[in-house]
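Residue-level listing of the chains:
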Amino acid sequence: MAMQEATYRDALRMALSDAMSFDDSVIVMGEEVGRYGGAYGVTKDLIAEFGPERVIDTPISEAAIVGTAVGAAMTGLRPVAELMYVDFIGMTMDQLANQAAKIRYMFGGQIGVPMVLRTQGGTGRSAGAQHSQSLEAFVMHTPGLRLAMPATVDDAYHLLRQAMTQPDPVVFIEHKSLYTMKAPLNPNAEPVGWGQANVLREGDDLVMVTYSRQVHYALAAAQTLQTDHDISAAVVDLRTLNPLDFETIRPLVENAGKAMVISEAVLTCGVAAELAARITEECFDFLEDPVVRVAGEDIPISVSPLLENNSVPTPELIIETAKKMFV
Amino acid sequence: MKNSTLPELYEEMRRVRTFEERVGELFVRGQSAGSMLHLSIGEESAAVGVCASMRDGDTFTTHHRGHGIFLARGADPNRMMAEIAGKQNGYCQGKGGSMHIADMGLGHLGANAIVGGGIPAVVGAGLSARHTQSGAVSVAFFGDGATGQGILYESMNMAALWNLPVMFVCINNQYGMGTRIDQATANPNLHERAEAFGLAARTADGLDVEEVVDAAGVLLDGARSGKPAFLAIDCYRFYGHARKDKSPYRTDSEEEEGRKKDPLIHARGKLMASGLMSEADINALDARVAVEMDASIDFAVAGQEPQMASMFRDVYDAAQPEPEPVRTRIDRVLAQG
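As they're listed, the protein sequences go chains A and B.
By the working numbering, the letter at position 98 of the first sequence is numbered 98, and the numbering carries on one by one without gaps.
By the working numbering, the letter at position 198 of the second sequence is numbered 198, and the numbering carries on one by one without gaps.
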């Protein structure tokens, strides 16, 4: 397959379809993944291609969906379970945090749980307080779970393919506002390695460390900062939060001396807090300014687009913050 | 089918009881890892009666009171006791203990310390069995306390909907910790719930292990051919919830009455009445089992502590980097200045 234009959604579907063709043990299960084609259309037509025994529509039972995936993964399958919204993760937390994450360790390394839990989060669709959250910190706070958050069409494909070959459980959080984003995709290209961050823009004055949709906001902000304010900002797309690739971040921060962490999740005890702490600890001698967290407000998400859009970082907030760092 | 004759069933039940007694002893000697030890004394017929009809290749999960089930599926009492003592030569290298014991070789997908936590895994194992047409059944063992958890109903519904080779076994020892079943539900006829989901469901009297064997055998055969099943087994938890619990929430007279429901005494009576074994034969068997289980304590006590280096191992697959220890990290960070 050559280079083709694809949406983030198409890329995810291609990854599932290609993995299922390649490996008979891959199954997809979840609410509305079969006949409906997925709440956001990611699994559209997979049931026609692979049948209802491998593309399994489940009842609305999030805990048992994850628990079933755990048991299937322990007995030879490679389940890809879909959690329709990451906001529902609370329903699954025992199966995810007490079972999937701990089985290898508790059982002395006898067995792993090679499953993927695909879900999506974030703002941008007026979906309200219970369908718009960014709950990646719940996952990152649980040793044993891997965490991937693709920002690009390329990663929608390649990172999901990589997730489906991992020996440990992977939570794979897509962003609901990226599904229609289009870009060229080459499924046969050599992807960036699993667990490696991607430096999407070089810069000497400031390092922006981010992931998921905020990667695009950071890139837009960095462009404006360069053009209008002569500030050269690097942008790092982390891609996976566990494993966390600090070694890509370190030399950039040591060079620039200023770092900003950008995350859509609420500020307190969020992923941004962990990243800021790490950069501060690891690069202390090189920092000219405190590491700034540009994160979601510590409030629920509103349905009103005006309130919703201002509850999370915007390119404008990133630009404004960067300018303050150079006053 | 193994352990299907009454002498064999009795011997297996005796092994379970004596093992549990030795677990209690290990605790009293201060050589168990902690006191979170949940004994299945009084419930032996459930473990032995169901496992008698399981086959090689079948998988299962258990609750926190699962020693007897694992023994009845063929576990080595030495490695079990070592695990309960937190030793390197235990089933999980001392990381799991009594409540997280597992062995993939024997199909044990894990004991669980979350009430109901191990139940949905058997639905997944059922999907695998169907996918590979292995002919295996997966059995979830849990207590009556788990009937208060939603995950049981989600799992029963899926198993029934997809006609999976799965069986749910509820060992009803009348107590969820200190709360009696009639204080936890308005309808203690637990199998009726499973019937409502479309499962083949029965209740067996745990006093008589042969009754459990018969009920479990029929239901397991059905499950193997795609008719998922539920079996409740009525019994009585002879002792407290865990080792330190003296059961202040129930009366002596209730306990005295409850302990009359002893599947071992019942089986002894049947063995002697039928002439299958004499009292002397039975006593000799009991003594032989006692020697085997005494040895498990010696094995556990003699076992090595885990290596400190193993602490960071097996959080992730062995080919992946291990998490960095906090002390190493602190030293590295402070070395900058």
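Just so you know, these hints were derived from the structure itself, not from any lab.
Don't be surprised by glycine CBs; every beta carbon is placed ideally from N, CA and C.
Do not take every clue at face value.
Chain A is faced by these chain B residues, among others (derived, beta-carbon under 8 Å) [unchecked claim]:
#, residue
1, 95
2, 100
3, 114
4, 121
5, 122
6, 158
7, 248
8, 317
Stretch-level coverage of chain A by chain B, calculated; a stretch enters the list once three of its residues show a Cβ under 8 Å from a Cβ in chain B [as the list claims (entries may be wrong)]:
#, stretch
9, 40-53
10, 74-81
11, 90-100
12, 109-120
13, 279-291
* Satisfaction of the residue 248(B) interface hint, Cβ to chain A closer than 8 Å -> Violated: closest Cβ of chain A sits about 29 Å from residue 248(B), beyond 8 Å.
* Has the stretch 109-120 of chain A got at least three residues whose CB is nearer than 8 Å to a CB belonging to chain B? -> holds (count 4)
* Whether chain B covers the stretch 90-100 of chain A (at least 3 residues having a Cβ closer than 8 Å to its Cβ atoms) -> holds (count 4)
* Taking the closest Cβ pair, is residue 122(B) under 8 Å from chain A? -> holds (6 Å)
* Asked: Can we keep the residue 317(B) interface hint, with Cβ of chain A closer than 8 Å?
  -> holds (4 Å)
* To do: So, residue 114(B) near chain A? Judge it on the closest CB pair being under 8 Å.
  => At about 5 Å, which falls below the 8 Å cut-off, the nearest Cβ of chain A leaves the hint on residue 114(B) intact, so it holds.
* Coverage claim, chain B over the stretch 279-291 of chain A, checked by counting residues with Cβ within 8 Å (three needed) -> holds (count 4)
* Given hint residue 100(B) near chain A, where the shortest CB pair must fall under 8 Å -> For residue 100(B), the interface hint holds, since the closest Cβ of chain A sits about 4 Å away, which is under 8 Å.
* **Proposed interface contact between residue 121(B) and chain A, which counts if any beta carbon pair is under 8 Å** => Residue 121(B) check passes; min Cβ-Cβ to chain A is 3 Å, inside 8 Å.
* To do: Would you settle whether the hint for residue 95(B) is holds or violated, based on the nearest Cβ-Cβ distance to chain A being less than 8 Å?
  => At 5 Å from the nearest chain A Cβ, residue 95(B) passes the 8 Å test, so the hint holds.
* **Given coverage of the stretch 40-53 of chain A by chain B, tested with a Cβ cutoff of 8 Å and a minimum of 3 residues** => violated (count 1)
* Check of the stretch 74-81 of chain A against chain B for coverage (Cβ-Cβ below 8 Å, three residues minimum) -> holds (count 5)
Hints 7 and 9 from the earlier list are contradicted by this structure; the remaining hints agree with it.
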